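Chemist: Protein chains in written order, with our numbering: chain B, 1 to 260; chain Y, 1 to 260; chain G, 1 to 260.
If you are wondering where the hints come from, they were derived from the structure by calculation, not from laboratory data. Worth double-checking, as some hints may not be accurate.
No copy is singled out in the list; a pair is fine if it fits within one copy or between any two copies.
Below, computed lysine-lysine pairings styled on DSS-like, alpha-carbon distance capped at 27 Å [what the hints assert, rightly or not]:
{"#": "1", "residue 1": "Lys134", "residue 2": "Lys248"}
{"#": "2", "residue 1": "Lys248", "residue 2": "Lys75"}
{"#": "3", "residue 1": "Lys103", "residue 2": "Lys75"}
{"#": "4", "residue 1": "Lys103", "residue 2": "Lys248"}
{"#": "5", "residue 1": "Lys103", "residue 2": "Lys134"}
{"#": "6", "residue 1": "Lys106", "residue 2": "Lys248"}
{"#": "7", "residue 1": "Lys187", "residue 2": "Lys75"}
{"#": "8", "residue 1": "Lys134", "residue 2": "Lys106"}
{"#": "9", "residue 1": "Lys134", "residue 2": "Lys187"}
As the structure is a prediction and not an experimental result, all values here were calculated from the model.
Below, each chain spelled out in residue letters.
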Amino acid sequence: MIPNAALEALRAQAPLVHCITNYVAMNIAANVTLAAGASPAMIHAPEEVADFAPIAGALTINIGTLSTQWVDSMKAAAVAANSANVPWVLDPVAHFATPYRAKVAKDLLALQPTILRGNASEIIALAGGAGSGKGADSGDSVNDAQSAAEGLAERHGCVVAVSGPVDFITDGARSASVTGGSDLMPKVTALGCSLTALLGAYAAVAPSLEATVAAFVHFAEAGERAATDATGPGSFSVAFLDTLHTLKPGDLADTRVSWR
Amino acid sequence: MIPNAALEALRAQAPLVHCITNYVAMNIAANVTLAAGASPAMIHAPEEVADFAPIAGALTINIGTLSTQWVDSMKAAAVAANSANVPWVLDPVAHFATPYRAKVAKDLLALQPTILRGNASEIIALAGGAGSGKGADSGDSVNDAQSAAEGLAERHGCVVAVSGPVDFITDGARSASVTGGSDLMPKVTALGCSLTALLGAYAAVAPSLEATVAAFVHFAEAGERAATDATGPGSFSVAFLDTLHTLKPGDLADTRVSWR
Amino acid sequence: MIPNAALEALRAQAPLVHCITNYVAMNIAANVTLAAGASPAMIHAPEEVADFAPIAGALTINIGTLSTQWVDSMKAAAVAANSANVPWVLDPVAHFATPYRAKVAKDLLALQPTILRGNASEIIALAGGAGSGKGADSGDSVNDAQSAAEGLAERHGCVVAVSGPVDFITDGARSASVTGGSDLMPKVTALGCSLTALLGAYAAVAPSLEATVAAFVHFAEAGERAATDATGPGSFSVAFLDTLHTLKPGDLADTRVSWR
Chain B
1 MIPNAALEAL RAQAPLVHCI TNYVAMNIAA NVTLAAGASP AMIHAPEEVA
51 DFAPIAGALT INIGTLSTQW VDSMKAAAVA ANSANVPWVL DPVAHFATPY
101 RAKVAKDLLA LQPTILRGNA SEIIALAGGA GSGKGADSGD SVNDAQSAAE
151 GLAERHGCVV AVSGPVDFIT DGARSASVTG GSDLMPKVTA LGCSLTALLG
201 AYAAVAPSLE ATVAAFVHFA EAGERAATDA TGPGSFSVAF LDTLHTLKPG
251 DLADTRVSWR
Chain Y
1 MIPNAALEAL RAQAPLVHCI TNYVAMNIAA NVTLAAGASP AMIHAPEEVA
51 DFAPIAGALT INIGTLSTQW VDSMKAAAVA ANSANVPWVL DPVAHFATPY
101 RAKVAKDLLA LQPTILRGNA SEIIALAGGA GSGKGADSGD SVNDAQSAAE
151 GLAERHGCVV AVSGPVDFIT DGARSASVTG GSDLMPKVTA LGCSLTALLG
201 AYAAVAPSLE ATVAAFVHFA EAGERAATDA TGPGSFSVAF LDTLHTLKPG
251 DLADTRVSWR
Chain G
1 MIPNAALEAL RAQAPLVHCI TNYVAMNIAA NVTLAAGASP AMIHAPEEVA
51 DFAPIAGALT INIGTLSTQW VDSMKAAAVA ANSANVPWVL DPVAHFATPY
101 RAKVAKDLLA LQPTILRGNA SEIIALAGGA GSGKGADSGD SVNDAQSAAE
151 GLAERHGCVV AVSGPVDFIT DGARSASVTG GSDLMPKVTA LGCSLTALLG
201 AYAAVAPSLE ATVAAFVHFA EAGERAATDA TGPGSFSVAF LDTLHTLKPG
251 DLADTRVSWR
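Take the sequences, apply the hints, and build the full model.
Modeler: The structure is reproduced here in structure tokens:
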């Protein structure tokens with residue numbers, strides 16, 4: 001399924017996406033998902049996540065801001081999604097920064113996400129390597145993270161995506177690179193977390209590898225167009241939401257994707 | 001009290017509005033309330049809500065994101081508001097989506113809010129009907145929710161407001177419709193939640209039915225004007241905040257309201 | 001160290017800033033800090049704050065939205081920062097509004113922050129005076145808060161900064177006033193909280209008094225320029241983030257600062 005067909009399916013189905021994400025990302029991730037054409041729902045209570053995950057088209061879990069209670073909710077939601085064959089996406093934000101965070105990421109990865117997305121430092125560290133990330137920012141290049149991504153994809157049977165200037169996506173057997181975007185994107189907080197939410201939207205309407213590529217192309221296309229008239233991260237962010245919304249099936253350039 | 005007089009009172013008094021709202025809405029609801037002319041305060045700790053609600057001009061409670069502790073705070077704040085004759089607004093976001101959420105909405109409704117606001121699916125389901133909502137989005141028309149709204153208003157002795165392309169507001173005896181707004185509004189997350197916060201601001205300075213109508217007209221007027229030059233949900237949101245702020249008493253068109 | 005040299009150091013080092021801030025401020029504070037040139041990390045879990053604070057360049061604590069668990073995290077983070085000689089900033093939002101909030105502010109102040117920032121009402125009340133604040137908004141003038149600020153600075157051995165139309169900053173021995181900004185700034189929620197996060201960024205690269213002055217000048221300069229073309233709080237906020245990002249060393253006017 002090519003990116004444009006996936007976008008067409010997304011617009012037609014407007015899937016419900018259950019997002020457990022961090023406090024910083026909550027609003028922008030919902031706005032990104034809405035602008036792209038899906039229906040986000042941010043639901044975290046342990047009392048209800050297992051009831052909600054199965055009725056959603058996809059679940060996304062981002063560990064940016066944690067608490068004991070939310071970690072319980074994350075696990076319960078992932079288990080419920082698995083039982084209901086609902087695809088789910090894991091975003092292990094800065095998992096290398098503290099022992100607590102590392103343990104949460106490891107426990108969630110063991111629950112077999114459908115898609116795993118991070119920056120280069122996060123993916124390298126998750127594969128056991130020594131990255132040089134600083135908080136939520138990557139200190140490593142996407143190229144350096146490719147073998148880590150392939151290894152994780154094979155070991156955990158999931159799609160692994162590495163965000164960066166050129167993104168890298170693999171299911172262990174097939175891989176793709178996606179170009180585009182803007183260097184203003186890392187200057188807007190939580191855009192990576194928002195891409196995780198968008199991955200959920202696409203995973204609800206397309207097979208996981210194609211869904212991942214489509215979400216990254218949608219993001220890269222909108223980012224590159226939004227940067228044209230932006231004078232900084234504020235105006236970029238506004239134009240980015242507008243462009244996610246106005247892009248139509250047919251607008252996602254195939255030339256952004258290199259398969260191998 | 002006509003909408004323009006209520007706006008004049010709002011600007012003159014800049015009431016303190018105690019908001020318990022969800023994580024997605026927190027920032028935009030505060031910005032909407034500030035832009036309109038009030039002073040929002042987001043306060044949730046069980047240790048302090050009962051001290052704060054009585055000193056505010058109004059309280060608003062939105063169940064978008066829940067936890068055991070927050071539900072306790074919501075109830076304690078509502079009880080304290082009632083004791084101090086502070087008006088309060090209930091927004092039962094997606095209460096039909098899980099049993100936990102349904103119970104919380106029911107318990108809060110039993111505490112007798114001054115104003116109840118929801119989309120059509122939420123109001124229909126709260127009255128016991130079978131709506132077709134999906135997460136936080138409505139799947140039903142405002143027209144289909146009118147009798148449910150009237151029934152709830154009579155049964156609970158409150159104003160009930162249904163948001164949609166044409167809004168419907170009733171206290172069981174009198175009803176009003178409000179036109180305006182933009183189809184970009186549902187594409188910006190948490191604007192409904194933000195309207196709930198604005199309802200609190202108006203309820204602090206005007207009788208509940210007139211306050212509700214005024215808040216909806218302020219919202220509809222700002223939404224319609226903001227959409228003029230918007231190219232998507234990002235630029236709409238920016239223009240919407242600007243317009244909420246720049247609208248002056250006299251700018252709220254009476255023709256938006258139909259009483260019956 | 002003059003403001004421009006501090007900005008140069010900030011851009012060169014892009015310090016990691018550990019922020020414990022409120023739900024309303026979380027996104028805008030991260031965006032302000034990122035736009036200015038630092039790397040914010042919002043981390044709150046009791047299980048990890050003491051591991052994270054020592055690896056950050058600075059810590060900031062804002063009490064805007066509280067819970068028992070977060071108060072524990074705030075204290076643990078402050079203690080860990082002190083042990084590791086990491087500077088930390090306290091923002092006692094609306095501490096006078098409830099007894100709970102007042103106690104939390106007092107307990108944190110006893111842990112000896114490097115910098116204390118508030119509006120006039122907050123600083124007056126913290127020094128034991130009777131201010132006239134309303135929620136998060138000040139009801140007092142910066143002038144009226146100067147002696148309270150000087151007293152707090154001497155008693156607690158920290159820099160105290162009072163935000164307002166003309167800001168006042170003191171370490172008890174030296175004091176400075178900073179002019180600039182825009183009257184649209186109080187119409188954007190959590191900009192004061194965002195300044196607290198930016199204070200952390202500067203405190204990571206400069207001595208505390210100079211860091212505080214530099215952060216206020218950066219804010220004032222960006223605010224004044226952003227207001228030029230803004231038509232309300234929405235467009236102001238966008239231009240403000242753009243300007244924080246595009247200002248370069250050399251752009252921070254010395255004439256904004258009056259030392260005495």
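Chemist: Now tell me if each hint is right for this structure.
Modeler: Outcome of the hint check:
Only between protomers do Lys134 and Lys248 lie at most 27 Å apart by alpha-carbon distance; the minimum there is 24 Å, versus 36 Å within a single protomer. For a Cα distance limit of 27 Å, the shortest separation of Lys248 from Lys75 qualifies neither inside one copy, at 36 Å, nor across copies, at 45 Å. Taking the shortest alpha-carbon separations for Lys103 and Lys75, both the intra-copy value of 13 Å and the inter-copy value of 23 Å come in at or below 27 Å. Taking the shortest alpha-carbon separations for Lys103 and Lys248, neither the intra-copy value of 41 Å nor the inter-copy value of 41 Å comes in at or below 27 Å.
When the C-alpha separation of Lys103 and Lys134 is checked against a cutoff of 27 Å, the pair qualifies only within one copy, where the shortest distance is 18 Å, while the shortest distance between copies is 34 Å. Taking identical chains as interchangeable, the C-alpha atoms of Lys106 and Lys248 are never at most 27 Å apart, the minima being 38 Å within one chain and 41 Å between chains. When the C-alpha separation of Lys187 and Lys75 is checked against a cutoff of 27 Å, the pair qualifies neither within a copy, at 31 Å, nor between copies, at 30 Å. Proximity of Lys134 and Lys106 under a CA criterion of 27 Å is satisfied intra-copy only: 19 Å inside one chain copy versus 32 Å between copies.
In this assembly of identical chains, Lys134 and Lys187 lie within 27 Å of each other by CA distance solely inside one copy; the values are 15 Å within and 33 Å between copies.
In summary, the numbered hints that this structure violates are 2, 4, 6 and 7.
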